[in-house]
Amino acid sequence: MQKMIPVDKLARPDDRIMVSRERVLQARIDQGLPLASALPGEEDFLKFRLHGIAAGEMQAMEAAGRTLFDFPDAPWEFQLDMARQVWDESRHLEIFTKLLEYVGSYLGEFPESEVLWSCTQADDPAARVAGINRGLEGLACDVFEQIIRLAQRMGDPVIERAVDYVLADEITHVRMGSQWMRKLTEGDPERLQRALDFQANIDNLFNFQGGRTTREASPQVAFPLGDKQINFDATITIAREARLLAGFTDEEIDRLYRAAARSTAY
Amino acid sequence: MPDLGERANVMGPQPIMRRTPVPSAMITAAERVLELLATCKPVELAALAMPQSESDVAGIAAAVRPGTYDHHEILATARVKDHHFVKARLRGPRADPFTVIFRLGEHDGRWMIWDAINLTGRRGALSR
Numbered sequence: 000m001q002k003m004i005p006v007d008k009l010a011r012p013d014d015r016i017m018v019s020r021e022r023v024l025q026a027r028i029d030q031g032l033p034l035a036s037a038l039p040g041e042e043d044f045l046k047f048r049l050h051g052i053a054a055g056e057m058q059a060m061e062a063a064g065r066t067l068f069d070f071p072d073a074p075w076e077f078q079l080d081m082a083r084q085v086w087d088e089s090r091h092l093e094i095f096t097k098l099l100e101y102v103g104s105y106l107g108e109f110p111e112s113e114v115l116w117s118c119t120q121a122d123d124p125a126a127r128v129a130g131i132n133r134g135l136e137g138l139a140c141d142v143f144e145q146i147i148r149l150a151q152r153m154g155d156p157v158i159e160r161a162v163d164y165v166l167a168d169e170i171t172h173v174r175m176g177s178q179w180m181r182k183l184t185e186g187d188p189e190r191l192q193r194a195l196d197f198q199a200n201i202d203n204l205f206n207f208q209g210g211r212t213t214r215e216a217s218p219q220v221a222f223p224l225g226d227k228q229i230n231f232d233a234t235i236t237i238a239r240e241a242r243l244l245a246g247f248t249d250e251e252i253d254r255l256y257r258a259a260a261r262s263t264a265y
Numbered sequence: 000m001p002d003l004g005e006r007a008n009v010m011g012p013q014p015i016m017r018r019t020p021v022p023s024a025m026i027t028a029a030e031r032v033l034e035l036l037a038t039c040k041p042v043e044l045a046a047l048a049m050p051q052s053e054s055d056v057a058g059i060a061a062a063v064r065p066g067t068y069d070h071h072e073i074l075a076t077a078r079v080k081d082h083h084f085v086k087a088r089l090r091g092p093r094a095d096p097f098t099v100i101f102r103l104g105e106h107d108g109r110w111m112i113w114d115a116i117n118l119t120g121r122r123g124a125l126s127r
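Chains as they are written, first to last, in numbering that gives the first Met the number 0: chain S, 0 to 265; chain G, 0 to 127.
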């Protein structure tokens, strides 16, 4: 079996549509939508976001499994952690599949993009976990915290509790990634730097062209959600508390804030 | 996942929003596009292409040889707001299947092709 599966080799069944992120963004541009991924306030935001997360959980499950397979010489405890993560992500996928049904959607309603899989393209396990566990799962902390707050605003305990349950796992995944990134690069500062650089590229990839801000800086907009009218964030926010729980340092979170602010300036 | 049967008859949380139906007019337009492709009518097909997709549509039309395919099927649809990606396959008795993705969206009241990808012989649609 091939190791290091490249982005264009990620397989899906015939009844699924997977296209590049650029093509999805072009479809948004052609309809006069902002370049960033769907933002709170847009029609279908909740469906689109939960669908994106479900696809993300699937790719995270595949990524953890691939990490296990791609690095057979990694420490046994590392392999055990990756195996555990495969199981966690598969449960998350089941949860989000059911949440999709709950909000009147289904897997396949929206196209899946390859962008998350592109974050697995590292041939060093330290960089791999830096990218996936710290970059992507860190982003998941942000996105999940925001959905939990949105569900609270909606008065919807089903979404709130389901996503809170998943967030607890994501926090452990980030911690796991931080631990292994440091352990695998012990005594090799250059390797650690390469892993951190790989993660930084991923953090930059998800700046959403100004669509990401701190929670405090996010303008509030009114929009319909199901049969309710909601006032909520107009941007994708960075969840400082959840990231601190996950073991990110204040300095790392401040760097994300600064990068988001720079992106807004563009 | 097990089939829980009629959703409204089972215990537990019920959906809070309705499904958005796939527009039947879009499916009709997609069927028309596939028919034009299978019957090798590049001029009619080009008339349905937005300027940005003209060359891709022409390339796909040129890749189909006359008399090769006698039926087609829509494999999947997926939407971005009101635009729909449609994955479809042409089949013929003596040819490998021909697989394409079109993105259809309304423009001035007509369903037009905004994007087109030839997936034939490829694993996915990820290269631009």
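Some hints here could point you the wrong way.
[Claimed, not checked] Covered by chain S, per the in silico footprint, the following chain G stretches (three or more residues, Cβ under 8 Å):
| id | region |
| --- | --- |
| 1 | 13-22 |
| 2 | 31-44 |
| 3 | 76-85 |
| 4 | 109-117 |
Hints are computed from structural coordinates only; laboratory data are not their basis. What you are looking at is a predicted structure, and each value in this text was computed from that prediction instead of being measured. Cβ atoms here follow ideal geometry from the backbone N, Cα and C, with glycine treated the same way.
- request: Run the structure past the numbered hints and jot down the numbers of the failing ones, going up.
  value: 2
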